[in-house]
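Based on these hints, arrange chain B on the given structure of chain A.
Number of protein chains: 2
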Amino acid sequence: MGALDAMAGPAREAARALAVTSSEAKDAALAAMAAALEAEAQAVLEANAADVDAAHHEQAPAAVVDRLTLDLERIEAMAEGLRTLMALPDPVGEVLEERTLPNGLHLRKVRVPLGVIGVIYEGRPNVTVDAAGLALKAGSAVVLRGSRIAERSNAALVAILDRSGTGAGLPQSAVQAVPPTRESARDMMAARGILDLLIPRGGNDLIQTVVTESVVPVVETGIGNCHVYVDASADLGKALDILVNAKVQRPGVCNAAESFLVHADVAEEFLPKAVAALQEHGVEILGDERVRAAGRGVGVATDQDHRTEFLDLRISGRVVGSLDEAIDHVNAYGSGHTEAIVTEDPAAADRFTAAVDAAAVMVNASTRFTDGGEMGMGAEMGISTQKLHARGPMGLPELTSYKWIVRGDGQIRA
Amino acid sequence: MGALDAMAGPAREAARALAVTSSEAKDAALAAMAAALEAEAQAVLEANAADVDAAHHEQAPAAVVDRLTLDLERIEAMAEGLRTLMALPDPVGEVLEERTLPNGLHLRKVRVPLGVIGVIYEGRPNVTVDAAGLALKAGSAVVLRGSRIAERSNAALVAILDRSGTGAGLPQSAVQAVPPTRESARDMMAARGILDLLIPRGGNDLIQTVVTESVVPVVETGIGNCHVYVDASADLGKALDILVNAKVQRPGVCNAAESFLVHADVAEEFLPKAVAALQEHGVEILGDERVRAAGRGVGVATDQDHRTEFLDLRISGRVVGSLDEAIDHVNAYGSGHTEAIVTEDPAAADRFTAAVDAAAVMVNASTRFTDGGEMGMGAEMGISTQKLHARGPMGLPELTSYKWIVRGDGQIRA
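Chains as they are written, first to last, in the numbering used here: chain A, 80 to 493; chain B, 80 to 493.
Extracted from the complex, chain A is given alone in its bound form (with noise of 0.2 Å):
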């Protein structure tokens, strides 16, 4: 176990307690955590700073350190963060099914915490707190293994939340983080019995090495290699707006658009003016022959293009000859993330929905609507591209588990 040695008690112990603990009780930590996120403002201020020069003496590239950024606001954004949490209902304790059997016996299937959960993350300093807040409204204890990038930042914010939250009564150890060094994540992949569940957030190194190293259950989060079709039936207009709006408006993410399909029917109308779209707004296209010939400076799109989350003002187009092509393509090369048809044709949005094997299918909207708080889950842990537990965006409810509760008045098996 390693660096988990000394937590791995007291973390269960905290989860025990925290499994009894009462929504006022856990919604009153929230609020002390936010107040004190925002009072203590300049120490973390302070140590992001140094965190940050450290990033620069290292040549870290301009993207990751304007993650590893803070400002007052963003500081600020945090503590609204977790004041959105304590709006939220208590998944804690609803009843998901009840029934009496002919025996008398009375079943409820009640949702409960899952103990301890880790987090993987990477330079991100407001996962910290993100992470915290969603594990504790739902029950569980936490311990965090952030990057060694944001290591200042991560602890000056973890001693923050311990403080406030065991100030407002939150068992002890309910946060917890383990140094950000490569023993450290291996010793939480091997924390079988100690951790019940590890998350990670992050880029797809990460992920597939915690995906296949870890013996604790895993939800695999992230990777998005999202598509939009333009079915043969689309409204044009809409199909133009959704492609640029899922490839530009924010294309770092993982519910942004990595490939177009556009059914030859409607090619010759609809591409050179995608092109022109995605072109200026500064997106560099690789695409097939039928897409090259649709505009200038459209590159050649290899099957590794059409393979991979650019995460950038990049993007794959092809044409398919028909809705089943499309269907076939998305299923071969999309990642089960987000995938988006734009058509006004009901039979090809039911066939698409249907056959398309994602956690999120779009019939005429952006790929960009998968997202906790879009889909009016409130807050989200990550989002899911594995069938197993949850799918899609991982709220609160997806964060618990539940006990089968059976109630009987001397019942025995004949």
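Careful: at least some of the hints might be erroneous.
Identical copies carry no separate label here, and so any pair may be met within one copy or between two of them.
What the hints assert, rightly or not - Straight-line distance between alpha carbons at most 25 Å, and here's what the computed SDA-like set of lysine to any residue pairs gives:
#1 K352 - G489
#2 K317 - G361
#3 K188 - V174
#4 K188 - G172
Hints were generated in silico from the structure; no laboratory data involved. All figures in this text were calculated on a predicted structure; none of them were measured in a lab.
Just chain B, lined up with the frame of chain A:
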């Protein structure tokens, strides 16, 4: 991939076809399979006789041979199992949540099949039929890896299921079996992207191997170190009936009791009756000092005994000073399967059900009721003792995933 090489593509293709197969077609296939099992019972019995001969030759334990041996009645029971599934509602297509967002997007969370389910199991040929039937009704293809000891029996059963299923319109390769080699088990545990779920059904060693080595998502089933706790306020008549039933009604299964705890206030009255009743049923008792004082022939219970799933006419017992001591013991030694309290005190029942961390918590009922059939779920693939995805009996809904279907009219994100 090895043994799975040739099966992977056909299994994925079968899964895609099954996902859009109607309930009627699936039920018709189950009926055809049941009829074929009965019609071709002789071929199964012959294959089974060869397996049983070989098992005798290898001097396999009597209990193993008993689980392996088929007769017409057992084959009839397999066919009846398939017919039971026909009568259960199809989980696929169920709308789990539905809402319209302020921006007009219409969200539906719809139950969908998992895809391809792998099952690794020990020497009970009936699991071949049960697992195939459950997976198919839940819309998934199945890859089976049975025990070497049942190789001929399983091959005969899979041939019948495959032939009759495809004859009734199921896709090719919906039911496949890999040879029962060490390599094939490893191949299944490595088959990420081919299998969507891997279920080990069998003893502790098998489950631990699969849980720690598989990179395919696993649902852990089966280990039951179940307790019966007799509270200070218990009706001691009910307590005696429940304890005896939980231990002796079928000692070789996971929901049988392996341990009992008695509150000190009722120990003097309860223990002599309990020891006598258990011994009358041939149960060997291992206990602490007070349990040993309650009757002749009670052995010493070690810490290891308290951790052991005996699966036999043996039980460990001890006296506890309080409800909380009972809860702590259960949470420390239990396997998270089923825990029972016998009490007439509602507050004690509430505290026990809230604080005990198990798939099922029973109040005044035998632990033996944790069972898909008994709990009204109709059939089960096994009993999950993990907290992710499914907990307790895994029926048809627990063998599915879901997707979000979002319908709009051109919505984009601002």
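Results for each hint:
1. Taking CA atoms no more than 25 Å apart as the test, K352 paired with G489 passes between copies only; the shortest distance there is 17 Å, against 73 Å inside one copy.
2. Taking the shortest Cα distances, K317 and G361 sit within 25 Å of each other inside one copy (20 Å), while across copies they are farther apart (76 Å).
3. Within a single copy, K188 and V174 get their C-alpha atoms as close as 6 Å, and across copies as close as 19 Å, so both meet the 25 Å cut-off.
4. When the C-alpha separation of K188 and G172 is checked against a cutoff of 25 Å, the pair qualifies both within a copy, at 9 Å, and between copies, at 22 Å.
Hint check: no violations occur; every hint is consistent with the structure.
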